[in-house]
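Engineer: Listed below, chain by chain, are the residues.
Protein chains: 2
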Amino acid sequence: MITGKNYIGRSLKAGGDKTHKTINPKLNLENPTAFYEATPDEVEEAVNLAWEAFKTYRNMPGSKRAAFLNAIADEILALGDELTTMFTTESGLPEGRAIGERGRTVNQLRSFADLIAEETWRDLTFDPAEPNREPLPKQDLRRTSVPLGPVVVFAASNFPLAFSTAGGDTASALAAGCPVIVKAHAMHSGTSELVASAVIKAAEKTGMPNGVFSNLTGRGRTVGQALVKHPKVKAVGFTGSISGGRTLFNLAAQREEPIPVFAEMGSINPVVITSNALEKRAEEIAQQYAGSITLGAGQFCTNPGLILTVESDLTNSFIETLAEKTTDLDAQCMLHPNIKKGYEEHGTLVASQSGTETVKKIEKVTGANDAASQICKVSGDEFLKNPKLHTEVFGPFSLVVSARDEAQLIEIINGLEGQLTGTIMAEKEDYPTLGPIVEALEYRVGRLVFNGVPTGVEVCPSMQHGGPYPASTDSRFTAVGTSAIKRWVRPVSYQSFPQELLPEALKN
Amino acid sequence: MITGKNYIGRSLKAGGDKTHKTINPKLNLENPTAFYEATPDEVEEAVNLAWEAFKTYRNMPGSKRAAFLNAIADEILALGDELTTMFTTESGLPEGRAIGERGRTVNQLRSFADLIAEETWRDLTFDPAEPNREPLPKQDLRRTSVPLGPVVVFAASNFPLAFSTAGGDTASALAAGCPVIVKAHAMHSGTSELVASAVIKAAEKTGMPNGVFSNLTGRGRTVGQALVKHPKVKAVGFTGSISGGRTLFNLAAQREEPIPVFAEMGSINPVVITSNALEKRAEEIAQQYAGSITLGAGQFCTNPGLILTVESDLTNSFIETLAEKTTDLDAQCMLHPNIKKGYEEHGTLVASQSGTETVKKIEKVTGANDAASQICKVSGDEFLKNPKLHTEVFGPFSLVVSARDEAQLIEIINGLEGQLTGTIMAEKEDYPTLGPIVEALEYRVGRLVFNGVPTGVEVCPSMQHGGPYPASTDSRFTAVGTSAIKRWVRPVSYQSFPQELLPEALKN
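Line order of the protein sequences matches chains A and B.
In terms of the UniProt record's numbering, the first sequence has 27 at position 27, counting the first letter as 1, and numbering is strictly consecutive.
In terms of the UniProt record's numbering, the second sequence has 218 at position 218, counting the first letter as 1, and numbering is strictly consecutive.
If you are wondering where the hints come from, they were derived from the structure by calculation, not from laboratory data.
In this text the structure is predicted, and so the values were computed from the model without any measurement.
Glycine included, every Cβ here is placed at the ideal spot set by N, Cα and C.
Mixed in with the good hints, there may be bad ones.
[To be verified] List of simulated lysine-lysine pairs, PhoX-like, C-alpha gap at most 20 Å:
#, chain 1, residue 1, chain 2, residue 2
1, A, K64, A, K205
2, A, K341, A, K361
3, A, K201, A, K64
4, A, K55, A, K232
5, A, K428, B, K507
6, B, K232, B, K55
7, A, K507, B, K428
8, B, K385, B, K360
9, B, K232, A, K486
[To be verified] With beta-carbon atoms standing in for the labels, derived distance ranges:
#, chain 1, residue 1, chain 2, residue 2, range
10, B, T433, A, S11, 47 to 57 Å
11, A, P498, B, N316, 21 to 31 Å
12, B, E118, A, T19, 54 to 64 Å
13, B, S317, A, P498, 37 to 47 Å
14, A, K64, B, P131, 12 to 22 Å
15, B, P387, A, N48, 13 to 23 Å
So that you can see chain A by itself, here it is in the shape it has in the complex (with noise of 0.2 Å):
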């Protein structure tokens, strides 16, 4: 069923000769299908397609979008073992993590669409005309929100479904009335396809306009700077590194017309242990963690990357047995050999550092492309000296660090660049003395999570997966939860304007 073409819109098409092929990293060989890389005519015609979609798209009720939404639902799920195959098979992860990741895009998709079956999520406002105002009268004034036009959404590696081809940024997008072209990732370019094809039949059985989605493929930056800037496309959401999304953010910024990049990069997610929580509870946390830190072989944008302590006997203790149980769990594969590489790395030159010490490496795997998990220690004094030490590891590894006392761990937080999430374990004999802490993570990060593993973000209102850069390129916007539809919109005011004229939203 696979092909290895481009849909461009509803034609699958593959008019040009670079080819790569996926990897399947737990045998560490290459998988059968070539994928033809977009050629330029390609991503014209996707983004040609997008633009006269979006002049119908735009306009269709809520109630219509929403049955696309729905319908894409239906259809990823009617794909069945199929999409759990290849899923597994492009990322190493377990068949239990394709299905619970299905379940999560197939309830994104749902929430969307209820979300729109009404108007109240433009922000709608009113006020009415006061015609004997003096010294000038007041006209009506109504306020709604528009969608911005074609979204470029970039494919997560780490999430082959809920943050790539039809994921948070694509059902949020389509919801707001914008046209999706999804630049698929290289390394799960079947599983894209195969989603794509979903969304095509979806939106055929629903009566959408052809360009409403495309999805293309393609190794390296081409396909995806091409997209960028082209003048029709209006904004791009984006899930991945610091490199990868400052650059797509840059060249956003130059185009003669600016567009917003929604890019979610790096974070190495701080963790406080406080000295009452690590005498109450050290073989607790150092479990919960251990779990929190391998899951998903560490693969998660909000992986603890780093736990703050004040030193003490107990801080000693608690890291050998973080460092245990830790490494006592199975090896997992990562996602490619490229990830594999990329967190033996980072992890060297984390562990290399002056005063940075591996409590615990797991020494040897059984797959090629297996993480072994490392525990590294360091002195507050050192962190403090040293940005290296605030590299992101990709993977099952965390940083502890033993802070002289409090002031000097807040000091660590204030030097931190922007993060995801800040966490707080402690007790409630803690609370009277953690306002400066809670105070400091308030700065660096988007969400404060108090005696628990940031790892697991929740789809809901409240959500607020992104914050300062470089954890994400705009910390005004999530890109998880239903206010991630508020990136594809932009408010548009009517004054004086006749009822037969409004839009139905606006209308008494």
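With chain A fixed as given, assemble chain B onto it according to the hints.
Structural biologist: Structure of chain B alone, referenced to chain A:
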């Protein structure tokens, strides 16, 4: 009372040797005071003070920040005639305008004070825990908004009070909890110093931290660019030219940590007049638009610079009437010799394009800086061919385009850059066929006006003042109305937090 110095927090400083003077455009002479350009050290000090002030100011209860905003309004009023005289001396605008704009400034401050008295402006959301949910329990999640940090506000040439030192940008940023550093406009540095003295007095009376407000002066771009590049500055508000705004946007995007720039820039504000409207009330419309085109010597960002009609006998006679009425009104003094120079240059540029005809221009004006009102006309064919005809002529100027038919009129709208406003003048019998024009304008503008003029920007929740680039650099936000506060905050989530440690607004 005017010193020519910079307010670095509450201290008046003038450590440099570069000075400039403002100009009385009516007399075409320099005013006496020499204003000292802020030195690099003074810029550094102002930003560092702002950062320190941020730490306490962001946590103050809304009622305290509201008291500060109301006190600023009181202190501005207490400046009395000294302020209105300085305003007219530096701007050439009439006293009535000074009083009106002061009223608007004071009202804006008070409306933001009212807004922040309650915490609902933070877009609070609450998702309760579901401890029994399967397969995983749901954590308690709550979301609020926190201020970004120190904001730099660039004063606007054409609104020495309402969009300047204590104007809408400053009022909304202070309301949000962000300290403000104003880059005073070189054309009205005296007015800025007076208003700054009022802000500083209000800050002292209401117990605000030193550095919550600074006012730096300087001609040219040195001071402003140093501010935008400073790592402790977290956002920028700007009202002015496309070239000035884009320069700041580029600088901000190139920072190691990019920051948002809300630049409200160029707009020619297209107005569509239907044949039915011309048939029924050409004279009335000409009168209304002559008033709008010449209001404030045409020096408004919402000035109607482009009038679109479908060619007919009615069109030609309407253009004659409009030109008569526009040039019949008294010429008015412009803000500055440079503004007058720009007006003449850009007017000549447009009027000299192929196929463009000056219908009427005031032949001789009295004052050196008086603006000669001018109406030009051109065919739709010529307009479509020549992007130079899109040039904003900042002053009492309008270009009337006669399109071949409605299809061409829509093609013209589709070819325009982003605009702040788009207006339709029409009759009831037009309603059934206006849909395509409304829709074409929706793509290009932030505010649609029906049977009115675009000048006059109401301060209310439904106002959208901002549009697709280059009308503004971020069409997702407004510069006018209470929603303007949203430019200066970002969301933060709290997961499973104990009541004692939640921000006040998020407690049960």
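Engineer: Take the hints in turn and mark each one as holding or not.
Structural biologist: Status of each hint after checking the structure:
Between K64 of chain A and K205 of chain A the alpha-carbon distance is near 11 Å, which keeps this suggested pair within the 20 Å criterion. For the hint linking K341 of chain A to K361 of chain A, the alpha-carbon distance of about 16 Å falls within 20 Å, and the restraint holds. Simply put, K201 of chain A and K64 of chain A have alpha-carbon atoms about 15 Å apart, close enough for the 20 Å limit, and the pair holds. Restraint check: the Cα-Cα separation between K55 of chain A and K232 of chain A comes to about 12 Å, which is no more than 20 Å; the hinted pair holds.
With a CA separation close to 17 Å, the supplied pair K428 of chain A and K507 of chain B stays within the 20 Å bound. Taking the CA atoms of K232 of chain B and K55 of chain B, the gap is about 12 Å. The hint holds against a cut of 20 Å. The straight-line distance between the Cα atoms of K507 of chain A and K428 of chain B is roughly 17 Å, inside the 20 Å bound, and the hint therefore holds. A hinted pair counts as satisfied when its Cα atoms are at most 20 Å apart, and K385 of chain B with K360 of chain B does not qualify at roughly 24 Å.
Taken as a hint, the K232 of chain B and K486 of chain A pair is broken in the structure, with Cα atoms around 27 Å apart against an allowance of 20 Å. Taking 47 to 57 Å as the suggested C-beta distance range, the pair T433 of chain B and S11 of chain A does not conform, at roughly 35 Å. At roughly 28 Å, the beta carbons of P498 of chain A and N316 of chain B sit within the given window of 21 to 31 Å. Between E118 of chain B and T19 of chain A the C-beta distance comes to about 59 Å, which sits within the given range of 54 to 64 Å.
Restraint check, S317 of chain B to P498 of chain A: a C-beta distance of roughly 27 Å breaks the suggested window 37 to 47 Å. The supplied range of 12 to 22 Å is broken by K64 of chain A and P131 of chain B, whose beta-carbon atoms lie about 38 Å from each other. Between P387 of chain B and N48 of chain A the beta carbons are some 22 Å apart, a value that agrees with the proposed interval 13 to 23 Å.
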